[in-house]
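The sequence shown begins at 1 in our numbering and counts up one residue at a time.
Treat the hints with care, since some could be wrong.
In silico DMTMM-like cross-links for lysine to aspartate or glutamate, where the CA-CA straight-line distance does not exceed 25 angstroms [claimed, not checked]:
1) K66 to E166
2) K508 to E576
3) K261 to E446
4) K476 to D398
5) K533 to E589
6) K66 to D52
7) K149 to D223
8) K61 to D172
9) K383 to D464
Bear in mind the hints are in silico, worked out from the structure with no lab data behind them.
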Amino acid sequence: MSGLPYEILLQICVLARDISEDTLHAISLVNRTWYHAAATLIYDRLTIKFSDSSSLDRAVKRVLEKSQRQQYLAHVRRLDVLALPPKVRMVIDDEGELSYGGTDILDHLAEPVDFVPNTVGPFLERQLAHWVRPGINLMGTTPGYYTEKNWQPLVLLVTTLGHLTELHYSVDNMFPVCLLRAIHEHHPTCKLNIWSSQTLSLDKPGLGRLSAYDTPRFNDPFDLEVLRSPCLHAIGIDYAVGERSHQHPIIPLIAMAPNLKHIRIRLLSDFFGRTVSSINEEWTDFVSSLNPVPSASLASVSFSPVISGIEPTLLKLGQLMDLSQLRSLEIHRIRHPVIMKQALSSIVNLETLFIHVHRPKLIEPSSFSEIMKSIFDRFKPLKYLCIRALDDLSLLDDILIRHGRSLRGLMIEPVSRNGLIGHTATDTRGYIYPRFGHADVERLAESCPHLEELRIPVQRSKGDHQECQLYRALGKFSMLRSLILDLGCNPPQAPDINENVYDIYTLKDALINAAVDESLAMAIWDIVVSSQKTCALRNLRCGPFGGDVFGREACYVFQRRSRSFLVSRRGFHLAEPPEVTEIGKEQREADADWSTTYEKRVGLEAKLFRIPRWITRTIHSIWPPGLYGTDWSTGWNSFPLHG
Numbered sequence: 001m002s003g004l005p006y007e008i009l010l011q012i013c014v015l016a017r018d019i020s021e022d023t024l025h026a027i028s029l030v031n032r033t034w035y036h037a038a039a040t041l042i043y044d045r046l047t048i049k050f051s052d053s054s055s056l057d058r059a060v061k062r063v064l065e066k067s068q069r070q071q072y073l074a075h076v077r078r079l080d081v082l083a084l085p086p087k088v089r090m091v092i093d094d095e096g097e098l099s100y101g102g103t104d105i106l107d108h109l110a111e112p113v114d115f116v117p118n119t120v121g122p123f124l125e126r127q128l129a130h131w132v133r134p135g136i137n138l139m140g141t142t143p144g145y146y147t148e149k150n151w152q153p154l155v156l157l158v159t160t161l162g163h164l165t166e167l168h169y170s171v172d173n174m175f176p177v178c179l180l181r182a183i184h185e186h187h188p189t190c191k192l193n194i195w196s197s198q199t200l201s202l203d204k205p206g207l208g209r210l211s212a213y214d215t216p217r218f219n220d221p222f223d224l225e226v227l228r229s230p231c232l233h234a235i236g237i238d239y240a241v242g243e244r245s246h247q248h249p250i251i252p253l254i255a256m257a258p259n260l261k262h263i264r265i266r267l268l269s270d271f272f273g274r275t276v277s278s279i280n281e282e283w284t285d286f287v288s289s290l291n292p293v294p295s296a297s298l299a300s301v302s303f304s305p306v307i308s309g310i311e312p313t314l315l316k317l318g319q320l321m322d323l324s325q326l327r328s329l330e331i332h333r334i335r336h337p338v339i340m341k342q343a344l345s346s347i348v349n350l351e352t353l354f355i356h357v358h359r360p361k362l363i364e365p366s367s368f369s370e371i372m373k374s375i376f377d378r379f380k381p382l383k384y385l386c387i388r389a390l391d392d393l394s395l396l397d398d399i400l401i402r403h404g405r406s407l408r409g410l411m412i413e414p415v416s417r418n419g420l421i422g423h424t425a426t427d428t429r430g431y432i433y434p435r436f437g438h439a440d441v442e443r444l445a446e447s448c449p450h451l452e453e454l455r456i457p458v459q460r461s462k463g464d465h466q467e468c469q470l471y472r473a474l475g476k477f478s479m480l481r482s483l484i485l486d487l488g489c490n491p492p493q494a495p496d497i498n499e500n501v502y503d504i505y506t507l508k509d510a511l512i513n514a515a516v517d518e519s520l521a522m523a524i525w526d527i528v529v530s531s532q533k534t535c536a537l538r539n540l541r542c543g544p545f546g547g548d549v550f551g552r553e554a555c556y557v558f559q560r561r562s563r564s565f566l567v568s569r570r571g572f573h574l575a576e577p578p579e580v581t582e583i584g585k586e587q588r589e590a591d592a593d594w595s596t597t598y599e600k601r602v603g604l605e606a607k608l609f610r611i612p613r614w615i616t617r618t619i620h621s622i623w624p625p626g627l628y629g630t631d632w633s634t635g636w637n638s639f640p641l642h643g
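Please model the complete structure; the sequences and the hints are all you need to start from.
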């Protein structure tokens, strides 16, 4: 061991699964070269989580003062700075409806990756170990806001670190110029990634911004020195959108960032107050006096899924910035296909696309399919594709004629109807996704022979022969290494609840379909792996979604009982048993603990869910309390596959 080169020892450390600070001391006793290789991996990344000045000060002192933590000073290359967001939890709102709302409790389980757009980083790998899935997203959309704005502890940390190459900033404040200057002075080649949305402003706080958003962060001035910085590598931008105008004049300022590669755009509506056209006059005058020179060449663009306005914004980006090297793009509902086709004409080297294909109401289905097909025909063959809200398998077949053989990764994600259609109660229930049969999956495998990563919805049918046939068909993907199965538990047609009449048998079937545990995850793994001749599969994640078609109380029950599992085979020997891990267990338990604490603290005014007796009786008719206990949220197990 002592004679091995440093590079070989480093690779051994990479392949090892249990390197930690506890094992580092033992490694140091064996071989100093190996010790330094391991330390490079263990201390390569430092994360600072905080909520206020005192917690920030404590976090920095832990690194600077404790001898064990001082290893970070010598080895850290990446620094993540995260202001903790508030917890988002399910409650009943003032109108008695199911609602997600922020709380006054910090979400200590939040991670920096939660705020990085899908267009940056690995395609499917992040989804494997992340607890968010269709219908389950108890995560804030923005990081926390730092009220005190005392940045000196971070400045001290940055100046003390010896080899910082990346800084990732997820704080809902405008990026502090004092921290930027510390980076310039001590780490001039460091890549600065600002993942929180920045609202550009002129010389005075609020100037050049919509007055409709009167919050503390919108009164923080944004220093344009950030956009001039050669360190700026990624940034989130707030972009005002009006009925007839968009905040296009700020694009030349973004384009002047010399090394900017990634941008996420959050579109903000001009609901009231200053109009977009009014602030555009201010920005036009300012930009003309500044005369910025465009130099950015973007690698990725992501739009936050909030409102309309994507098409003209992307079109303007292509006119004022270099998108010829764009590799990854995330766009949501297409409302103006003609403008979108024009906007995509400047994107010629795209490799990864995240796209929402829900049809606008005013466009006929056949016309929309032709429009979408023509959009996909504009791209060169893609390597990675994520399609959301797909309900037409024929559209997928048309897309794969051009892109199937080049794809290495494919995700087909279900999307909730709630908020998409919204005219009748029936319209807003359920999810939009294609119902695959085993023949459809086999045809998909033929169209995508090189697929290594796949996410696909599966309509469960209580583990019968038809469902098992679909799992066997997944074995036809000979090169598949990572697989995510979103297991749909809703009935094929939403039950009629307008008259408060519920089909108990339909609810029973849905509860059985939603019962996913370690045993079911392993059973699905066994079927897929035994059907894959190459035995290439290394990761399988599966978890249920649905339950929203039975009313708000039942929906709450489904979400509280939902569990997701990751089955992984780490070694290269087929005889080695796979590991089964519950994904999101900490979040699920924290949610239950929060509900209990909240209920005790505010009493009857908490408006937490009171589960009707007919629902608990239905649950206990499937899983008798004498065998499984009286707790409806934990007293259950999965039903075996029998096909």
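Cross-check of the supplied hints:
1. Restraint check for K66 and E166: the C-alpha separation of about 23 angstroms stays at or below 25 angstroms, so the hint holds.
2. For the hint linking K508 to E576, the alpha-carbon distance of about 37 angstroms lies beyond 25 angstroms, and the restraint is violated.
3. Restraint check for K261 and E446: not satisfied, since their Cα atoms lie roughly 35 angstroms apart, outside the 25 angstroms limit.
4. Distance check on the hinted pair: K476 and D398 sit about 20 angstroms apart at the alpha-carbon level, within 25 angstroms; holds.
5. Distance hint between K533 and E589 is unfulfilled; the C-alpha atoms sit about 39 angstroms from each other, more than 25 angstroms.
6. Restraint check: the Cα-Cα separation between K66 and D52 comes to about 21 angstroms, which is no more than 25 angstroms; the hinted pair holds.
7. Taken as a hint, the K149 and D223 pair is honoured in the structure, with Cα atoms around 15 angstroms apart against an allowance of 25 angstroms.
8. Note on K61 and D172: the hinted pairing holds, with a Cα-Cα distance of about 23 angstroms set against a maximum of 25 angstroms.
9. Of the pairs offered as hints, the one joining K383 and D464 is violated, with about 34 angstroms between alpha carbons and a cut-off of 25 angstroms exceeded.
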